[in-house]
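Protein chains in written order, with the working numbering: chain A, 1 to 165; chain B, 1 to 744; chain C, 1 to 341.
Derived by calculation from the structure, the hints in this document are not laboratory data. It is possible that part of the hints are untrue.
[Said to hold, decoys possible] Interface residues of chain C toward chain B, partial, derived using beta-carbon atoms under 7 Å:
# : residue
1 : Y6
2 : L120
3 : L226
4 : T230
5 : A303
6 : R310
[Unchecked claim] Chain B regions said to be covered by chain A (calculated; three or more residues, Cβ under 8 Å):
#  : region
7  : 17 to 28
8  : 34 to 43
9  : 184 to 190
10 : 497 to 509
11 : 527 to 540
In this text, all values refer to a predicted model and were calculated from it rather than measured experimentally. A virtual CB, placed ideally from N, CA and C, is assigned to each residue, including glycine.
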Amino acid sequence: MTPTLNLTINGTPQTIALDDPRATLLDLLRERLGLTGTKKGCDRGQCGACTVLVDGERVNACLSLALSQDGKHITTIEGLAEGEQLHPVQAAFIAHDGFQCGYCTPGQIMSAVGLIAEGEAGLDPERVREGMSGNICRCAAYAGITEAVLEATREMDTAAERKSA
Amino acid sequence: MAEVMNMEGHVRLGSNAGQALTRRDGILKVTGAAPYAADARPEGLLYAVAATAGIARGRVTHLDVAAATAHPGVVKVYTPANVPALAISPDEKIHPFVWKMEALQSDAVRYAGQPIAMVLAETLEAATEGARLLAPRYEAEPPRVTFETGEPYETDTTAFGRPATHRAGDLDAARGTAAHHVVTEVSTPAQYHNAMEPHAVTARWDGDRLELDTPTQALALTKTTIAAFLGIDAAGVTIRSPFLGGGFGSKAIVYGAQLLAILAARDLGRPVKMVLTRAQMYGPVGHRAPTRQTVTVNLDPEGAITALEHDTLTVTSTFDHFLEGASGASHSVYVAPVLHTTHRAVRGDIGTPGPMRAPGEASGSAALELAIDAAAEAAGMDPLAFRLKNYAETDPATGMAFSSKALRECYAQAAERFGWDARPLAPRQMRQGRLLKGWGMGTAQFPCPMFQAAAHATLRADGSGVVETSAADMGQGAWTALAQIAADGLGIDIDRLDFRSGHSDLPDAGIAGGSGHTATAGTALFNAGADVIRQLADLATQDPASPLFGAGNAGVTARAGRLWRNDDERSDSYEDILARAGLDLIRGEGKGVREGEPTRAMFSHGAVFAEVLVDPDLGQVRVSRLVGAFAAGRIINPKLARSQLLGGMTWGIGFALQEEALHDARTGRFVNNDLAGYHVPVNADAPMIEALTVHEDDPFVNTLGIKGVGEIGVTGTVGAIGNAVWHATGIRPAGFPIHPESLI
Amino acid sequence: MNRFDYVRADSLGAAVGAEGALLAGGTNLLDLMKIGVATPERLVDISRLPLDWIEEHEGGLRIGAMVRNAQIARHPAVLARYPALAEALLSGASAQLRNAATTGGNVMQATRCSYFQDPLSPCNRREPGAGCGALGGETRNHAVLGWTEGCIATHPSDMCVALAAYDAVVEIAGPDGRREVPMAEFHPLPDATGAGPAPLAAGEVITHIRLPDAGGMARHARYVKLRERTSFAFAIVSAAAALEIREGRIVTARLALGGVAARPWRARAAEQALEGQPATGDSFARAAELALQGARPSGDNAAKIELARRIAVRALERAAAGTPERLPALPASVFAGDDNG
């Protein structure tokens with residue numbers, strides 16, 4: 001029996017016939033749906049490279065059983081930009097050189113989007129560093145990552161104010 | 001060549017070399033579109049998963065192939081009994097950059113984690129479970145994975161034929177007259193690269209032709225090596241490696257599981273993807289070997305070094321040769337009228353060590369810088385004053401002049417930025433709340449090797465350019481920095497340049513290692529552009545219709561898509577020159593190589609200052625501030641160079657406080673071969689970190705004056721942190737990483 | 001991982017008595033399955049059980065077993081009345097893991113003993129009677145309290161240490177009805193030859209964690225955690241302390257240690273010794289001595305005993321100084337800043 005699950009991925013509802021109940025959300029995205037922007041660094045929740053948003057919250061896709069996600073909304077790095085328009089976090093990562101090899105970058109960016117949405121770090125650099133510590137960057141672009149998250153936070157605050165004004 | 005990566009969409013902040021352009025691959029990387037090898041999903045793909053040895057020494061006596069094969073989805077299990085043969089034994093060292101590999105050539109186990117079988121399946125899940133179901137049984141012998149149990153090993157060389165010993169001057173005499181004889185012993189553990197991207201290969205065959213997606217720091221070398229082991233024509237091998245998810249030395253070599261995946265793809269007639277697990281990266285793809293170092297500094301009464309001794313004991317594998325050349329770090333940093341450095345080793349049942357970011361230099365610098373501070377203390381001197389007093393004006397190891405050495409400026413700028421002159425001489429003088437605060441420093445140094453690279457450049461009729469070389473971008477920024485150099489070589493704006501790279505069909509860009517890739521590949525690209533410009537200038541200066549006609553003697557300069565007379569204001573556009581000559585394009589070639597034996601000692605230099613906070617009761621250390629200043633010749637892109645330097649310095653934090661791979665001595669297996677047990681720095685570990693670059697013109701190192709920034713950040717930093725810990729606590733670290741319990 | 005059947009339990013009734021391993025957030029179970037330590041033939045997905053809220057209960061709180069760790073840590077009532085619990089949670093794992101991991105799963109998480117995690121090593125915890133591979137091995141992280149030759153593993157949770165200090169109770173539903181166990185006694189200590197019995201019987205499900213009224217301890221409670229890196233690391237040792245102080249004297253004291261034993265180590269003798277004493281360093285030092293009474297190294301980890309004493313003192317000092325209005329940027333860190341100038 002092939003189990004099916006319903007997921008809304010980057011805004012698009014999908015019904016997926018899953019060939020193997022063992023598949024994690026990460027291997028579902030990467031090996032079955034072709035969404036390879038989400039990366040596998042450790043496969044054990046120890047590096048954060050596979051970070052995606054599930055119902056708006058950042059989680060490690062490698063430790064999420066795909067079947068258990070039935071009905072959820074998944075946002076991956078592929079779903080962040082609006083067409084050619086980069087998400088403010090993406091743009092800030094480029095401007096502040098918040099990456100080098102780029103492998104942890106999708107996870108860093110999704111984690112940063114989650115962090116900003118949580119609203120608890122704000123513009124406190126130390127809280128940003130702590131909040132981003134679940135994403136290992138072996139190239140150690142941490143200074144740039146922190147600068148980028150702070151700038152994106154400011155940018156998004158300003159945009160939100162403009163909208164509400 | 002549509003499949004060759006081309007970059008668009010970077011943010012322009014200036015033009016070409018010297019400018020802080022954002023990465024040209026930035027948009028690809030922040031959108032998840034940048035392709036890494038494991039992202040490939042060719043039609044009909046099979047997944048390969050290696051089964052690895054659970055003993056460190058002995059042989060495999062049984063594999064439950066039937067159980068694995070019976071698992072739904074499993075297509076094939078390869079063991080020594082049925083694996084297709086390679087053309088050359090994987091134990092053959094066909095060139096110095098080949099490490100002996102495990103490709104199921106026998107049932108012997110020579111280290112824990114070695115591949116002992118490979119399972120091919122329709123899904124990753126099935127292949128993974130198939131590998132588990134093999135449930136190997138062994139005939140085990142007692143493993144030797146420690147300094148104590150390793151077999152003594154006599155050797156004259158460390159790595160790549162470098163001599164293990166350097167003896168210059170009369171050591172006995174120097175010791176006899178020394179006012180201070182300061183002995184410092186420092187141990188360093190085994191460390192693993194842990195690039196974020198696990199080693200991966202996706203292989204597919206089309207008849208005799210082989211196509212690979214696999215990250216490599218040496219495209220051309222990997223191509224010829226793989227072809228040799230498979231016994232096929234290298235011309236039939238194509239490797240795409242546009243992006244490496246980090247390398248740090250571990251992706252310069254070919255490894256057994258990679259070859260097995262390629263063999264399987266040929267045998268089964270289907271594409272195969274093999275990705276090492278994080279745990280499987282501990283063993284077959286190199287590591288930084290542990291060391292026990294003794295550095296002895298002999299001083300005269302005024303604090304001048306009269307003799308420097310550095311001995312390193314390390315561990316290498318039982319079956320191959322690579323010694324961590326740590327003692328070499330003492331060759332060229334400080335004045336040493338007498339200089340004796342030695343290396344010794346034992347052989348253990350471990351995977352062969354290899355180069356890991358600042359190989360030799362990182363471990364050696366860590367010990368040397370602790371020893372220098374101990375010597376400064378013995379002499380009653382400030383650590384910076386002591387280093388300035390013992391500043392090497394010429395290279396102590398070779399007697400040669402330095403090609404350039406702006407180390408004094410590095411010391412001065414970093415010290416000022418850091419506020420070093422407020423430092424109390426004695427330890428345990430500073431507090432922040434209840435925490436102890438300490439300041440320490442270290443000198444950074446890294447050699448400037450060049451390898452060999454080739455490049456092509458083409459100028460097109462519309463004045464745009466194409467350059468080609470098979471460079472590797474593992475994060476250092478080759479896609480951007482090399483394009484900046486190439487655009488200058490052609491005298492065009494970088495936005496008019498199509499830079500093709502990361503593909504084995506392109507000219508060999510050499511190895512991305514040794515901090516020499518930008519210099520080597522950059523020189524080739526620049527020279528290729530210059531070759532084009534030479535031809536273009538010949539056309540123009542001999543063309544009566546050109547404003548440059550007759551300017552041959554005065555010469556012309558290429559800039560912004562035009563050739564300009566050196567003797568007046570007139571210029572001619574590339575488009576016009578080509579159009580009048582009726583040419584669609586001009587092609588040029590260039591090489592990047594250092595000709596002849598060097599007559600100067602060539603190093604990047606730097607100074608690193610560290611502030612640490614130490615909990616006096618609990619011993620936890622945080623590096624609260626790091627300031628480095630580096631003189632590394634010409635900086636092609638300050639933004640990328642800063643990232644490289646900060647990355648290296650953060651590696652210094654990991655080295656000093658965290659990184660340590662542990663074996664169980666009884667089984668030889670790792671106890672922490674994952675990222676929860678083997679700690680590397682996280683964001684919160686690097687709160688305030690700054691890298692300054694000091695202007696330096698080096699007319700000798702290469703025509704572009706590039707020295708390299710990839711590894712130097714690690715050196716100096718480890719010692720600076722260790723010395724800061726001493727300054728905070730009064731305890732000199734006996735080794736790295738510094739554990740909390742050692743400080744209480 | 002092995003093949004398994006997957007079923008979803010939509011009600012507690014369906015979960016209780018169900019055969020198979022319970023899957024909630026998956027952050028520990030999937031990891032154990034990937035490394036071959038857990039090989040369940042059936043997974044019962046309980047992540048959708050309606051146990052995902054926090055409610056007021058007799059002056060305390062009742063936390064559903066499916067509440068995510070991050071939800072507890074940011075819950076206003078937890079922050080106001082049980083700040084050491086929030087601080088402990090925020091010092092554990094990463095934000096991603098805290099978003100997925102559940103209360104029940106955190107309690108049930110397995111030891112990080114590397115020998116337990118290595119299916120090739122003997123382990124009484126994994127396979128009763130097999131022996132303990134950790135004894136005589138790399139034991140810097142192992143237990144110094146309550147261990148036997150049968151098992152020297154420690155429980156890795158931060159949350160449970162704070163819960164134990166707060167006198168939390170684990171509510172369990174089973175085929176034979178409901179029962180409750182104090183958090184501090186939920187994880188069995190090893191016996192002479194093994195890791196001790198499983199904390200839950202077959203078919204049992206943790207439904208809630210109940211926190212009694214914290215009374216006057218609300219604003220004198222802290223968690224402190226010694227680590228090998230600034231964040232995203234398990235504790236070398238940790239401590240949760242909560243105090244009620246009146247006119248400089250301790251009326252009520254709570255102290256629990258982490259990273260030292262197979263369970264969060266509630267230090268009752270230390271608590272009794274503190275009560276009635278002035279909230280000063282001397283009192284704390286005496287209490288810490290008592291907390292580590294009977295501690296002995298299980299290998300190359302003698303230093304942990306002294307570190308545990310000192311972290312107990314630190315937690316008590318910080319608790320006495322009062323919980324800051326807002327938790328520090330580096331929760332539970334020795335570098336948290338609030339007592340470091």
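Notebook entry, point to check: Do the numbers back the hint for A303(C), that is, is its least Cβ distance to chain B under 7 Å?
Noted result: Status holds, d = 4 Å.
How about the region 497 to 509 of chain B: do at least three of its residues have a C-beta closer than 8 Å to a C-beta of chain A?
-> violated (count 0)
Q) Within the region 17 to 28 of chain B, is the number of residues with a Cβ closer than 8 Å to a Cβ of chain A three or more? A) holds (count 6)
*Hint validity - L226(C) Cβ closer than 7 Å to any chain B Cβ*: holds, 5 Å
Return the status of the interface hint for L120(C): holds when the least beta-carbon distance to chain B is below 7 Å, violated otherwise. At about 4 Å, which falls below the 7 Å cut-off, the nearest Cβ of chain B leaves the hint on L120(C) intact, so it holds.
field: chain A over the region 527 to 540 of chain B, status - at least 3 residues with CB closer than 8 Å
entry: Violated, because only 0 residues of the region 527 to 540 of chain B bring their Cβ atoms closer than 8 Å to Cβ atoms of chain A.
With chain B as the partner, please determine if Y6(C) meets the hint condition of a C-beta pair closer than 7 Å.
-> Violated: closest Cβ of chain B sits about 13 Å from Y6(C), beyond 7 Å.
- According to a criterion of three or more residues whose C-beta lies within less than 8 Å of a C-beta of chain A, is the region 184 to 190 of chain B covered? violated (count 0)
The region 34 to 43 of chain B covered by chain A? Criterion: 3 or more residues, Cβ-Cβ distance below 8 Å.
holds (count 6)
T230(C) was flagged as interface toward chain B. Is the shortest Cβ-Cβ separation under 7 Å?
Since the shortest Cβ distance to chain B is 4 Å, the answer is holds.
Legend entry - Status of the R310(C) interface restraint (C-beta, 7 Å, chain B): Holds. Min distance 4 Å.
Checked against the numbered hints given earlier, this structure breaks hints 1, 9, 10 and 11; the rest are met.
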